[in-house]
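As they're listed, the protein sequences go chains A and B.
Our numbering numbers the first residue of the first sequence as 1 and each following residue consecutively.
Our numbering numbers the first residue of the second sequence as 1 and each following residue consecutively.
Derived by calculation from the structure, the hints in this document are not laboratory data.
Among the hints, erroneous ones may be present.
[As the list claims (entries may be wrong)] Cross-link-like lysine-lysine pairs, in silico, DSBU-like; alpha carbons within 30 Å at most: (1) A:Lys258 - B:Lys67; (2) A:Lys364 - B:Lys87; (3) B:Lys38 - A:Lys275; (4) A:Lys89 - A:Lys233; (5) B:Lys38 - B:Lys67; (6) B:Lys67 - A:Lys275; (7) A:Lys21 - A:Lys275; (8) A:Lys233 - A:Lys220; (9) A:Lys364 - B:Lys73.
[As the list claims (entries may be wrong)] Some chain A residues flagged as far from chain B (calculated, every beta-carbon gap over 12 Å): (10) Leu8; (11) Cys16; (12) Glu125; (13) Asn227; (14) Leu257; (15) Phe307; (16) Val308; (17) Phe352; (18) Arg389.
The beta-carbon is built from N, C-alpha and C at its ideal position, and this holds for glycine as well.
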Amino acid sequence: MYSHSVRLEKEKCIGCTDCIKRCPTEAIRVRGSKAQIIEERCIDCGNCIRICRNGAKKAVTDDWRMLGRFKHRVALPAPSFYAQFPKAKSIEHILNALYAIGFTDVLEVGAAGEVIAEKTYAWLEEATHFPVISSSCPAIVRLIQRRFPSLIHQVLPIISPMELAARYVRECYKKQGASREEVGIFFLSPCPAKATEIRRPKGIKESEVDGVIGMQDIYKKVLPYLNSEGVDKIIRQTSLEGLKWARRTGGLNEVRLKSHLSVDGMDNVIGILEKVEDGTLTEVHYIEALACTGGCLGGALTVENPFVSRCYLQKWMEQDKKEKRVQNTELLEDIAKMPVRYEKSIVPRPVFSLDHDTQKAIEKMQAIEELYTQLPQIDCGSCGAPTCRCFAEDVVRHNAQIEECIFMFRKKVKELSENMHELTQTTLPTADEN
Amino acid sequence: MKLHYEVDGDNFLVAGEASGAVKRTLKQIGIDAAIIRKIAISMYEAEMNMVIHADGGEIDVEITSEKVKIVLKDRGPGIPNIDLAMKEGYSTASHEIRELGFGAGMGLPNMKKYSDDLKITSEVGVGTTVQLVVFLH
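Chain B with its partners taken away, still in its complex shape:
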């Protein structure tokens, strides 16, 4: 099945709602709790990145009996150096964002840790696409 979400980049109150909805859906489908946790953590992280760095975007989720694939697409500033961004502790977040408890530089490393397959394509000035896959078995 397929799900689609629009993410508002200016509203912290609703940030994380798409991951919340996906989490509820997966619980109803009866996916193993430990796997839902992996998906929840990596997707939440990715969704928050869209809000913090890229003024939102859109998310497409595909659920099959084998895997969950999440594609997050934004039209933000893009990541100039993906390898550098993947390093733990590296962050470009502003002081205000850090004050909110974000921007510890764990975003991409955590997404990699909790997903089974992570693909990031990015072009400066155009946007970033993150594809997360978690296998169900």
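Here chain A stands alone, though its shape is the one from the complex:
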């Protein structure tokens, strides 16, 4: 059973075809005038949430009230979080507000990001398959498992900054003698894929994150507390380098990478992964691939428009630069002691495969090709499938009937009426023709 973050609110869905067209894994169909998500295909990228004009798609993240279950409540704000609050006086004020609304501790995920950057440079020295593809965006790893299984061994086998931050927090509290049940670790997330990630982690057995809270859910709670007292006690943990993880080019330092490429936005990423598969990008050492346009700032759970928040992030980065904030080396060295490599390998999820038996799969593929030539090939979506080819596949898989295509339906009606007309022309020997 899959525990996906992206869900459908049936009563709001009007059965339009906007979402089916935007899904990168053809995971949505409209059936009985309601969208349906094919669970095993969904990669939680959030494209359908962004496109739906009726708000019928939403990301289920954890309930805020979950905090009440823990004695120690640790917030892990992603760097993109700061860019949602341009009117705050400083990042310290934003962090202070997190204490004001009920958290007892905060670790900036950017600090873990700074460590992951170092670990990534080290991996690039020992990697044998290039280009190495970043793994910090869970939607991209899920995409590779489904659409680009041959690239799995090129995925960076290192956990995300979120997971490293959580591991470190867990370890700190363990050392202090707190029991596991007492410590709740919450990631403040820009995207639904992270919520799925803690339930179905990749490369590791279990996530140390207890809950994922969407930035949209926490935004209004934080706003009234941006000027709370106690801000002088806040000590920043990240530097400029950690904030960089919210950029669309990712958190690595371009100067330290030999030959690299960064790509954001699902369609763009797919285009680049096709090229990697075709063997045309062997000169590139590292690819930073982010599912959302604008990187994490474009996540489906953010509040601010990603192009606007990019400008706000820049403001915070410049402020750190002006204040000459240096890396918190003591903290970073401590975090760096945590293991970061994947504990298990990522497996392909061949969700598009037609049959386990190659011969049967070829026969089905042939049937799809033949059916496709009869279809109008205009990808109108009226049948509830994103493309005519996809509809042909659904018919061959017995998930749809040919008459669900409005053109095929009309053709059949026409044939039927012609047959009926023909029948009416038959002369009856016993009847008077007039």
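Using the hints, position chain B against chain A.
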């Protein structure tokens, strides 16, 4: 099953579309990822050669449960010396083509490396036929 594609020799925007379509088909058939990669690399290379050197042509693909056979036929200038063309680094591509990142002289060597059987027949002034076979087991 059989697939047929016409390749336009003047349009770099659609160059590589036939290999893309074959790749998608093979993924749906459920062919092993590593084998699809071999087919993708060698076919893409061969398709691009048709666009760069020969103003396009046509491609026929045959997929069985044992192998994938790809025949690429063009009516281009032909290859005067196939042995020479097979050498790594040998290229006849123009400066403009090299500017685009092609013409490194790895085309035929790569096709040989990633396919299980490669046959090239060519006649100067008539055209070239490339036959690639990749076995599925």
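Legend entry - Numbered hints the structure breaks, given as an ascending list: 1, 2, 17, 18
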